[in-house]
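The listed protein sequences correspond, in order, to chains A and B.
Going by our numbering, the first sequence runs without a break in its numbering and finishes at 344.
Going by our numbering, the second sequence runs without a break in its numbering and finishes at 359.
Simulated from the structure, these hints should not be mistaken for laboratory data.
Where hints are given, some of them may not hold.
Which residues of chain A face chain B? A partial, calculated answer using Cβ under 10 Å [claimed, not checked]:
(1) Gly173
(2) Leu191
(3) Gly297
In this text, a Cβ means the ideal position worked out from N, Cα and C, and glycines have one as well.
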Amino acid sequence: MRAVVFEAPGRFVVADVPAPEPSAGHALVRVEASMVCATDRKILAGQFAGTRFPHIPGHEFAGTVLRLGPGTQGPPTGTRVGVEVHVGCGVCDRCREGLYTLCMNYGRTETGHAHVGFTIAGGLAELASVPVAALHPLPASVSTADGAWTDNLGVALWALERGRLRPGESVVVIGPGAIGLCAAQLARAGGAASVTIVGRGERLARAARFGDAVVDEADAGRLAGSADLVVEFAGTADAARLAISTARRGGRVVLGGATGQGVELSGVDLSTIVRGHLDILGSVANPMGVSGRALELLARGGIDVAGLTTHHFPLDRFAEAWATFIERRDGAIRVMLTP
Amino acid sequence: MEALVLTAPHAFEIRDVPRPEPAPNEVLCRVRAIAICGTDVEIIEGSFPGRWPRAYPYIPGHEWSGDVIAAGSIAEENGFTVGTRVAGTSHSGCGLCRMCRTGRYNLCFNYGREDLGHRQYGHYSQGAYAEYVVHTIKAVFRIPDDMPYDTAALCDTASIALHSVKRPGIQPGDVVASVGSGGMGLLVAMCAKALGAARVVVVGGGRRLERARELGFETIDYHDGDPVARVREWSGGLGADVAVDSAGSRDSVGQAIGMVRKGGRVAFTGIPKEPASVNFQKVVLEELDLYGVRANRNTMEEVIPLIADGRIPAGRLITHHFPLREFPEAFRTFTGRVDGALKVIVEP
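Just chain A, with the same shape it has in the complex (with noise of 0.2 Å):
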């Protein structure tokens, strides 16, 4: 099968590869619909310590399975597919919490722990064998394409759960990326009465019909000290500053970008808390199982995730995807490549 393989640190190349074979307990999918998240840069730079090269990368996807693994329980052959990445060992006390995205086995596949397209083969590829706890029966009224935003839109509707979303709230996102666009359009739907979007540039632009109002990062500090929620999914230091600074008194700030180490947090005025009264929630990946709600919700009509893939890519191509999505070219928010 043709697939993207990250061979070492910093080079990849589209290469013939063995198909995979389901072993117990996994699915194998037919890939239909894969996108590339910034995080596989990071992979890619070889800064991610739980993969090996060469690795198959690839973990917004969504397909077909085709037939499940010895002695496996799972969605039928021909069940169209959304993935999410993260699979509990199921044993820990995260995991028998429902946070299998924090298990302590993270990494130890002999465990059943996996990170799809992280610590095992993802989905950049014509086929992938996947743990069958990762899937997600798409609703009939939902594309495949779509599909592919399974685990997306289960990050940025766990970050709007974390901040506790209430009716008739206003809402601002810090980020106009792919999750961030998601989790406004999520917090709409959630019931906010209003969503300012704050970015700079092209995406910002792009942002407008996603959110009630716009607001280019040099001019936000005029919301400072207004929402209800704020939800940062910009990773910056200067973004996670301006999301403190934004919340009411008594409000809750989720931080939800910086997920990679190294970006390091000072310059806030620690009584903008204390005195605030702020819940400050870091937010990580979707647990729960939040992202089969969030398909149900995208079945429901209203959030646009097509409008967030602003590019398609044969998978031959990849290498033209990468530089398009990396370099943000023309606005690019998410690139999608067909195997």
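Given the coordinates of chain A, assemble chain B onto it according to the supplied hints.
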């Protein structure tokens, strides 16, 4: 001023009464629209003797909107100046007791103590079926300039519906059953959608259920077989994540419990008239969460922007308008569900 005055159970008339005066923390409002509520009917029929109302003569009415025409000094300092457009609600707590201080003023420990500042307008305190009404500023809420008065009169009911879905909690993507196809049942369905429910089914009967269909909701008619089995089937055999009972009948309470999945949540917002026998083994073994819902608290502010931008299209429930003088006709239309009457607006 003209007002609807109850003189005894089942007996009412439109008569001239003195216009009330606002205290420092109160506003005097010109009432523009009042919606008839199921509870109004009970109050008019005398179903809560000695309680709602405590005595006759009495002016009922608690779902209303209008304009501030005079404001006490404290009201004015809080921005309720003459000309402010407002929607009213019924509960105004004492502000002092533990329930009030924890935000649950609908459960005020000093319920009924007008001397301590408690009010429940249209239940035991003077209501809004009149040209003018006085409310504390705890029970009036600013509405947008472009919200029609008749729609604004539904803010109170809609805020109860919102409280009814917030008590059990709607997680985005949830599957929800609204038991009861009256105004409250349909508003519950709308609120569940506005909070991100993926699918909502309205369980009820008659012309009102047809209206639920016209509003785009899936429906289950309780005349077409066991509604519990039908809801389970509708939800793929699993049961709903959340059920909200607004019917408040002996049957509906148990049905709502029967409809939810393991670990599901059930809220009860209709006031039941008699004890109900329910399957408590299911509650225990399936670890259900049951929520009583008494009217509303802190949801007027939340529901108004959602009505204003159309995500809770409350105005679509209005089927009839009558001037206050034609209250008897309005009352007949509402109670007889004439022409599929749902929300009937009275304009003083």
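To see whether the hints hold, each was checked on the structure:
Hint status for glycine 173(A) relative to chain B: holds, with the closest Cβ pair at about 3 Å, below 10 Å. Satisfaction of the interface hint for leucine 191(A) is found here, the shortest Cβ-Cβ separation to chain B being roughly 6 Å, below the 10 Å cut-off. A distance limit of 10 Å between C-beta atoms decides the matter here; for glycine 297(A) the minimum to chain B is near 7 Å, and the interface restraint holds.
The earlier numbered hints are all upheld by this structure, with none contradicted.
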